[in-house]
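Q: If you want the building blocks of each chain, they are given just below.
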Amino acid sequence: MDDKDQESESKPAKGLSRRSFLRGAGLSTAGSVLLTTNAFALEYKEHRNAGEEFGPDAMTIKMKVNGLVKSLSVEPRTTLASALRDHLELTGTKVVCDRGSCSACTVYLDGKPVNSCMMSAFDVGDKEITTIEGIAKNGELHPVQEAFIEHDASQCGYCTPGMIMSCVHLVDNNTDLNLDDVKDATRGNLCRCGTHPHVFKATLAAAKKTI
Amino acid sequence: MNKFSWYEATSIEDALQQVNSTVSEELYQPTNKASVFKSGGIDMFDWIKEGLLKPQKIINIRNIPGLDIISYDPKRGMSIGSNVTLADIASNPEVKDHYLALHQAVNHAATPQLRNMSTLGGNIAQRNRCWYFRSADHDCFRKGGDRCSARQSETGENENHAIIDNGSCVSVHASSIATALMAFNASVVIINVEGEKKKVTMDDFFVTAGKDIAMENILQAKEIITEIILPAPTKNTKSTYIKQVARESYDWSLGDVAVVFEVSGNTCRSASIVLGAAAPVPYRSMEAQRAIENKTINSENALAAAEAAMKIARPLAKNGYKVPLFVSTIKQAILEIS
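So the sequence lines, in the order shown, correspond to chains A and B.
With my numbering, you'll find the first sequence wraps up at 215, consecutive numbering, no jumps.
With my numbering, you'll find the second sequence wraps up at 332, consecutive numbering, no jumps.
A partial selection of chain A residues facing chain B, derived with a Cβ cut-off under 7 Å:
(1) G55
(2) P117
(3) R191
Calculated directly from the structure, the hints in this document are not laboratory data.
Ideal Cβ positions, reconstructed from N, Cα and C, are used throughout, including at glycine.
Model the full assembly from the supplied sequences, consistent with the hints where possible.
A: What follows is the structure in C-alpha cells.
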C-alpha cells in the first residue's frame, strides 16, 4: 500500500472533480446538478419553509447525494433508503431488516453513519448524503475497500456496503485504531455469513495496523 | 406504511399547536387521525412499518432550535436537551467525567448508526419491548386487547420479559439509558400547550402498567419534553452501569443495572440502584438500596443487597435465569464502585 503522504496527496480536495461529476451524472436520473458551495442550503430554505405541511402525496424535493443535487418525487413516508434505491437508482445501499437492526442500509448524513431505512427522505433537508457509491474517488477505491478485497471480507455481499460505510467512517476519522474500535464501529452491522474476523483484519490493515 | 403528511415544526409552541395525540393513545385506541411528534423517529418508524400506528400527520420536532444543547455547571448539574443525540451524549467529556454510569449506558445503547439518529427525549419516551405488543398479528392489553400472549405458561415466549411488577403487563422498558438517568435522580422537564413548565423526577415520569396499561410515561398529547436535568454530583459520588446481553454485537438488554453511591471511604452513605429490563418501567430497588446503605462496600454486603433486590422477583415460565443474572450483576456493579 502507498505510504501515508502519497495517499493524502492522491485524495481529492473536498468537493468534486470534473471526472467524478461526469461519472455521477451518468449514473443518476434526470435532475442532477453540480453542487456548488452552500447554494443548495439557501435554495432549500426558500423551498421548504418550516411551519408548512407537506404531503401526503408525492412532491418534488431536492437532495444532496454524493456531491450532486438530485431532484426526486417522494412522499413523506418514503424512506431515505427507498429514495436512494428506487428513485435515484443508487442500489449499492442495501435494505435487509428494514428496521434499523442490521445496518446494511448505512449511509452518511453530513458525514455521520445513519440507517437510511429508519428515516424519511424528508428528514434529510439540506444535509448531505454519502452512499457507498460516493466512497471511491476518481475511480480509485478507498483503502478500506481495497483491504476488503485483499482480506476476503465479503461473502454473500449483502452486508458489505454497510460494513464498508462503518469501517471507512472509522478509518477516516481516527488515527490510532485497535481491534476494539473496529468491533465498536461495526457493532450494528450484522453478517450472517460470519465475515467479521476478515472485516476486522481488513479494516485494521487499511488503518495500517495488524491484529 | 400508511400515507401521512409531514409538518416541519418551527418552535415548541408551533409543535404543541399541531399535535393532537400520542403514540400510546393511538396504539391503545386507534383513530387513524392522529397528529403525533417525531424526533429521531426510530421507534415511530418501527410502529408505522408494522402497521400498528397509522398517523395522519407527523410533526417533525427534530429541527426545533434550542433543544439540542448539553450544558454542565458544577453547582446546578447537567442539562441535556431532548433533541440531543445519543452519539453526542456518548462523546461528551463532561458526561464521562461527572456521570460515568450514563456514559457507559449510552455507549452500550443501540448501534453507532442509531446513536447518530436517536434523541434522548425519544429514547426515554419509546414504547416497551415485547414482541407480541410490537406485532400486528397479536392481541395485547397495551393495544386495547383482552389477552396477553407473552404470559401464557406453555406457549408464551417470555424469556426477555419482566420478572418484577409483571402482574398487569410483562413487557420491559426498552431504554437502558433511562436506567442510568433514574439512578442519577434525573428529572424530565415537560412543557404543555399553555406554556406551563413542569419538572418531574424519572421515578414519577414512568407509569406502571398496574396504574395505566396504555401508557409507560405521564406524557399527554399536548406536552413535549424539552430537557433532562441531572443533579450535580459531589466529590463523593461514584457510579457504574452494567448491561447484560446475549451476544457481543448490538442487542437489547437482558438485564442492566445502574448504581450511584455517595461514599465516604469504602462505606456507602446513600445508594441509588436501578434495574433495567426487569419490570415494565425502569425499576428502583429500594430493598437493595436499604441493604447497602451505611455498610462497607464488600463482597458479602454487595451480595446481600443483590439478593434483597430479587426477593420480590416473580419470574415467568422462561425467564427464571434473570434472577441469578440480576443477583450477580447488581453485586458486580456495587463492587465496581469501591
